[in-house]
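Asker: Chain by chain, the residues:
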Amino acid sequence: MTTKPAELTDLTLAQARDGLRAKEFSARELAQAHIDAIEKARVLNAYLLETPDRALAMADVADQKLAAGEARPLEGLPLGIKDLFCTHGVVTTAGSKILEGFQPHYESTVTHNLWRDGAVMLGKLNLDEFAMGSSNETSAYGPVISPWRRKDSDTKLVPGGSSGGSAAAVAARLCLGATATDTGGSIRQPAAFTGTVGIKPTYGRCSRWGTVAFASSLDQAGPIARTVRDTAILLTSMSGHDDKDTTSVNLPVPDFEAAVNRGVKGLTIGIPKEYRVEGMPSEIERLWQQGADWLRDAGAKVVEVSLPHTKYALPAYYIVAPAEASSNLARYDGVRYGLRVPGKDIAGMYEATRAAGFGREVKRRIMIGTYVLSAGYYDAYYVRAQKIRSLIKRDFEQVYASGVDAILTPTTPSSAFGFGEKAKADPVEMYLLDVFTVTVNMAGLPGLAVPAGLDAQGLPLGLQLIGRPFDEETLFAAGQVIEEAAGRIALPQAWWA
Amino acid sequence: MTAPVNPKKLIKGALGDWEVVIGMEIHAQVTSRSKLFSGAPTAFGAEPNDNVSLVDAAMPGMLPVINRECVAQAVRTGLGLKAQINHRSVFDRKNYFYPDLPQGYQISQYKSPIVGEGEVLVDLPDGESITVGIERLHLEQDAGKSLHDQSPTMSFVDLNRSGVALMEIVSKPDLRSSEEAKAYVTKLRTILRYLGTCDGDMEKGNLRADVNVSVRKVGEPFGTRCEIKNVNSIRFIGQAIEVEARRQIAIIEDGGTIDQETRLFDPNKGETRSMRSKEEAHDYRYFPDPDLLPLEFDQAFVDGLASGLPELPDAKKARFIETYGLSAYDATVLVAERASADYFEAVAKGRDGKIAANWVINELFGRLNKEGKSIEDSPVSADQLGAIVDLIGDNTISGKIAKDVFEIVWSEGGEPRQIVESRGLRQVTDTGAIEAAIDQIIAANPDKVEQAKAKPTLLGWFVGQTMKATGGKANPAAVNALLKAKLGIE
Numbered sequence: 037m038t039t040k041p042a043e044l045t046d047l048t049l050a051q052a053r054d055g056l057r058a059k060e061f062s063a064r065e066l067a068q069a070h071i072d073a074i075e076k077a078r079v080l081n082a083y084l085l086e087t088p089d090r091a092l093a094m095a096d097v098a099d100q101k102l103a104a105g106e107a108r109p110l111e112g113l114p115l116g117i118k119d120l121f122c123t124h125g126v127v128t129t130a131g132s133k134i135l136e137g138f139q140p141h142y143e144s145t146v147t148h149n150l151w152r153d154g155a156v157m158l159g160k161l162n163l164d165e166f167a168m169g170s171s172n173e174t175s176a177y178g179p180v181i182s183p184w185r186r187k188d189s190d191t192k193l194v195p196g197g198s199s200g201g202s203a204a205a206v207a208a209r210l211c212l213g214a215t216a217t218d219t220g221g222s223i224r225q226p227a228a229f230t231g232t233v234g235i236k237p238t239y240g241r242c243s244r245w246g247t248v249a250f251a252s253s254l255d256q257a258g259p260i261a262r263t264v265r266d267t268a269i270l271l272t273s274m275s276g277h278d279d280k281d282t283t284s285v286n287l288p289v290p291d292f293e294a295a296v297n298r299g300v301k302g303l304t305i306g307i308p309k310e311y312r313v314e315g316m317p318s319e320i321e322r323l324w325q326q327g328a329d330w331l332r333d334a335g336a337k338v339v340e341v342s343l344p345h346t347k348y349a350l351p352a353y354y355i356v357a358p359a360e361a362s363s364n365l366a367r368y369d370g371v372r373y374g375l376r377v378p379g380k381d382i383a384g385m386y387e388a389t390r391a392a393g394f395g396r397e398v399k400r401r402i403m404i405g406t407y408v409l410s411a412g413y414y415d416a417y418y419v420r421a422q423k424i425r426s427l428i429k430r431d432f433e434q435v436y437a438s439g440v441d442a443i444l445t446p447t448t449p450s451s452a453f454g455f456g457e458k459a460k461a462d463p464v465e466m467y468l469l470d471v472f473t474v475t476v477n478m479a480g481l482p483g484l485a486v487p488a489g490l491d492a493q494g495l496p497l498g499l500q501l502i503g504r505p506f507d508e509e510t511l512f513a514a515g516q517v518i519e520e521a522a523g524r525i526a527l528p529q530a531w532w533a
Numbered sequence: 011m012t013a014p015v016n017p018k019k020l021i022k023g024a025l026g027d028w029e030v031v032i033g034m035e036i037h038a039q040v041t042s043r044s045k046l047f048s049g050a051p052t053a054f055g056a057e058p059n060d061n062v063s064l065v066d067a068a069m070p071g072m073l074p075v076i077n078r079e080c081v082a083q084a085v086r087t088g089l090g091l092k093a094q095i096n097h098r099s100v101f102d103r104k105n106y107f108y109p110d111l112p113q114g115y116q117i118s119q120y121k122s123p124i125v126g127e128g129e130v131l132v133d134l135p136d137g138e139s140i141t142v143g144i145e146r147l148h149l150e151q152d153a154g155k156s157l158h159d160q161s162p163t164m165s166f167v168d169l170n171r172s173g174v175a176l177m178e179i180v181s182k183p184d185l186r187s188s189e190e191a192k193a194y195v196t197k198l199r200t201i202l203r204y205l206g207t208c209d210g211d212m213e214k215g216n217l218r219a220d221v222n223v224s225v226r227k228v229g230e231p232f233g234t235r236c237e238i239k240n241v242n243s244i245r246f247i248g249q250a251i252e253v254e255a256r257r258q259i260a261i262i263e264d265g266g267t268i269d270q271e272t273r274l275f276d277p278n279k280g281e282t283r284s285m286r287s288k289e290e291a292h293d294y295r296y297f298p299d300p301d302l303l304p305l306e307f308d309q310a311f312v313d314g315l316a317s318g319l320p321e322l323p324d325a326k327k328a329r330f331i332e333t334y335g336l337s338a339y340d341a342t343v344l345v346a347e348r349a350s351a352d353y354f355e356a357v358a359k360g361r362d363g364k365i366a367a368n369w370v371i372n373e374l375f376g377r378l379n380k381e382g383k384s385i386e387d388s389p390v391s392a393d394q395l396g397a398i399v400d401l402i403g404d405n406t407i408s409g410k411i412a413k414d415v416f417e418i419v420w421s422e423g424g425e426p427r428q429i430v431e432s433r434g435l436r437q438v439t440d441t442g443a444i445e446a447a448i449d450q451i452i453a454a455n456p457d458k459v460e461q462a463k464a465k466p467t468l469l470g471w472f473v474g475q476t477m478k479a480t481g482g483k484a485n486p487a488a489v490n491a492l493l494k495a496k497l498g499i500e
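Here the protein sequences come in this chain order: A and B.
According to my numbering, the stretch in the first sequence is residues 37 to 533, in order.
According to my numbering, the stretch in the second sequence is residues 11 to 500, in order.
Worth flagging that the hints you see were computed from the coordinates, not collected in a lab.
Hints are all accurate, no fakes.
Pairwise CB distance ranges (calculated):
1. B:Ala56 x A:Lys192: 51 to 57 Å
2. A:Asp279 x B:Ala356: 42 to 48 Å
3. B:Glu57 x A:Asp279: 27 to 33 Å
25 Å max Cα-Cα, derived DSS-like pairs, lysine-lysine:
4. A:Lys423 x B:Lys121
5. A:Lys280 x B:Lys104
6. A:Lys399 x B:Lys104
7. B:Lys182 x B:Lys288
8. A:Lys423 x B:Lys104
The beta carbon of each residue, even a glycine, is placed where N, CA and C say it ideally should be.
Turn these sequences into a full structure, and let the hints guide you.
Answerer: So this is what it looks like as structure tokens:
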């Protein structure tokens with residue numbers, strides 16, 4: 037059984053759940069410990085909005101349920117919510133000025149599911165504006181600072197993005213777990229940068245209803261937490277069919293936690309040769325090999341596989357995602373909600389509102405998207421990108437048809453970097469960070485990022501497991517093997533407190 | 011396109027005859043309780059912004075979910091147009107900014123519509139008929155409405171209509187005159203009303219037409235067309251085509267060329283005005299809506315809808331001609347509205363169809379038109395009119411008396427046979443009985459007979475005596491006629 041640690045915030049989500057049920061501490065104490073930690077960590081800028089009163093009220097309800105022996109699956113567990121999920125009566129900004137002060141009159145299906153299961157909301161987490169970014173530097177409300185630092189350095193590092201607030205908050209013990217979203221790697225890349233676990237489930241596993249859209253055909257919600265088991269617990273609650281989202285899939289949701297200890301004996305793990313990209317640091321290459329060895333030692337068969345269209349994935353992604361975004365973001369026009377900047381006529385109001393309301397990266401993507409959908413360019417860009425998307429999907433289908441159960445790759449081509457190191461350079465530099473993750477979104481597959489070690493600078497590095505459609509269970513099983521073999525990474529000391 | 015040229019339809023220009031070529035895009039509001047992609051009601055006449063869901067207002071994170079009833083209505087319409095039903099179709103986004111378009115895009119169907127090619131048989135006033143090709147039918151969202159008269163400095167937006175389902179029905183450029191165009195819209199509206207898929211109410215904007223007009227010399231290729239947007243009555247459609255064709259002919263005959271553009275028809279000034287040129291045309295950046303899966307259904311779904319379709323006007327017309335021996339003209343008039351056809355059939359059932367048609371078309375429709383009433387509001391029910399026809403049929407009353415009875419039923423109501431009885435309108439067939447009564451009275455009153463020859467007003471006394479003798483059942487007109495003859499009064 038768990039013993040009460042020095043800090044309640046150091047518990048994993050599963051430990052906290054068990055501790056609450058064993059009455060070792062109350063939900064209110066657990067919530068208060070996180071509220072205090074959040075207050076001390078404001079320098080990290082992980083939370084855009086703290087909701088302590090709401091958290092304590094929800095914790096009190098949880099304590100009643102616990103006392104009555106009616107605990108729901110997530111009873112009393114404090115979570116952070118990426119500020120892309122609309123929360124009823126709680127300001128939701130998507131990290132953008134254009135939604136400053138916007139209070140939804142509705143609750144996203146994913147967060148609704150979490151509250152249904154008894155979770156407690158600590159607040160709304162920072163992110164790249166409209167989830168467009170890989171470093172959390174595009175947030176209109178300032179960047180998130182990673183709790184991680186290089187060895188013997190106090191250079192501030194990025195937590196990754198776009199779910200930078202979610203990853204940083206989980207790594208800094210400012211919540212037990214967090215919701216996040218992933219359009220091209222926005223769960224897995226920040227998880228890798230912060231030594232946390234994140235899973236982007238299969239497209240259609242979680243409802244997109246009530247989550248601010250970036251690129252509809254790629255967006256998926258998922259959790260970030262400190263262990264594989266914790267992400268499995270959270271995903272079980274977040275998932276499920278929703279009549280309000282036509283693209284959500286009507287399949288039963290397995291108890292993902294039950295899959296965590298399944299092991300990998302008899303499974304076949306594919307190593308895609310195309311992911312060995314030029315200029316990849318040798319430590320990442322070594323770690324990748326190490327991951328394969330761990331899985332083999334645990335009883336899996338490891339084979340080399342080929343995903344020949346991988347190299348086209350990134351450029352195709354940067355056509356499809358901006359194209360959809362350019363249309364999805366048209367609704368932010370200053371007419372009905374959010375920011376409005378007056379103009380001399382309606383077009384003037386649109387221009388002034390959108391010029392003031394959107395940041396540079398969002399504007400860049402709207403312009404790219406508008407361009408690739410324009411008459412005369414549509415076939416050359418959008419149609420071709422969709423064809424590439426089909427080919428990428430087929431690559432995976434063929435590998436899985438050959439008997440491979442999951443694919444192992446690095447999550448990112450590097451560890452975390454400092455502020456401005458990439459953002460000020462060519463934006464393509466930043467886009468290249470998504471090279472290992474976008475294929476998964478393009479194919480609609482589940483992808484799990486799990487920390488596997490530290491680089492020479494003492495920064496976390498992650499491995500990615502890619503699964504068959506709706507086979508997240510195999511990813512949790514294999515992820516657990518890696519987590520156990522690597523040993524859980526010691527989280528950074530609270531230098532900020 | 012290959013229809014033979016009818017010289018009557020050509021327009022005379024200064025430099026010879028011109029043929030006008032017309033194609034139509036009809037926007038028909040789908041009859042459904044809720045909108046195409048949201049559960050908000052479609053009821054007309056609500057307060058501004060009452061019928062608006064989070065989806066219609068395009069709140070962040072909202073997603074469209076297809077309304078199956080609207081899909082069924084589009085398929086029914088496709089079947090009514092004898093069209094190809096596409097088991098797989100795709101919703102696209104048509105992107106542009108406008109305050110009454112909350113999403114910043116309209117969800118429509120661009121490359122893969124739900125209904126493909128079909129045809130409409132159009133009856134022309136001269137008794138001829140033409141077949142007009144249907145290019146496609148697709149489903150799309152209606153926009154909201156901007157209100158510019160609510161405030162001196164601001165415009166308001168009413169989103170009640172935002173997201174309501176429309177069917178855009180695109181014809182081939184098969185129409186060659188304003189008459190044909192008007193007849194086409196009339197027929198299409200009739201079909202939609204029969205199907206119950208659109209109420210066709212043009213006053214409420216539930217049926218609007220975009221009219222593509224070009225002119226050419228006979229035998230030449232199509233000319234450059236102009237699109238006249240949003241014409242909202244059948245009469246205006248005819249006027250718009252006439253003035254636009256003449257405008258184009260005048261330009262070409264003056265040595266000019268037609269610019270492809272979008273124009274608006276101003277019924278007050280009787281002219282079309284340029285709205286935007288081809289260069290100013292929007293780039294709508296169509297692409298498949300990633301929020302919606304392709305729309306797919308199987309043949310069983312289509313068959314189920316087909317089996318529930320009502321008899322359509324063309325079939326009904328043929329049956330009326332066949333079963334009731336009607337003329338093509340009468341049959342066309344009767345099937346124009348389903349309610350009229352149903353009324354006629356109720357009257358004609360078990361009776362003489364031609365007489366029934368005569369009464370419905372001439373008496374009933376004539377009277378309804380005069381009073382501006384619709385068939386649904388007719389004070390004379392089909393049963394009542396049927397009873398009148400029966401009274402004629404069994405010689406109880408003459409056709410002339412029947413018109414009186416119709417008049418009484420129209421203004422006072424009542425059962426026709428009772429009216430005939432109570433008012434003594436029964437046609438007297440047994441004149442012998444009346445004659446016998448009169449003969450007796452004449453024989454008993456020779457002095458009065460003599461006086462009456464000098465003083466014809468005494469006729470009234472004889473009438474009274476005769477009515478008394480027959481118990482009031484004699485037809486006064488018949489009594490009058492017999493008495494006059496027997497007394498030798500003029």
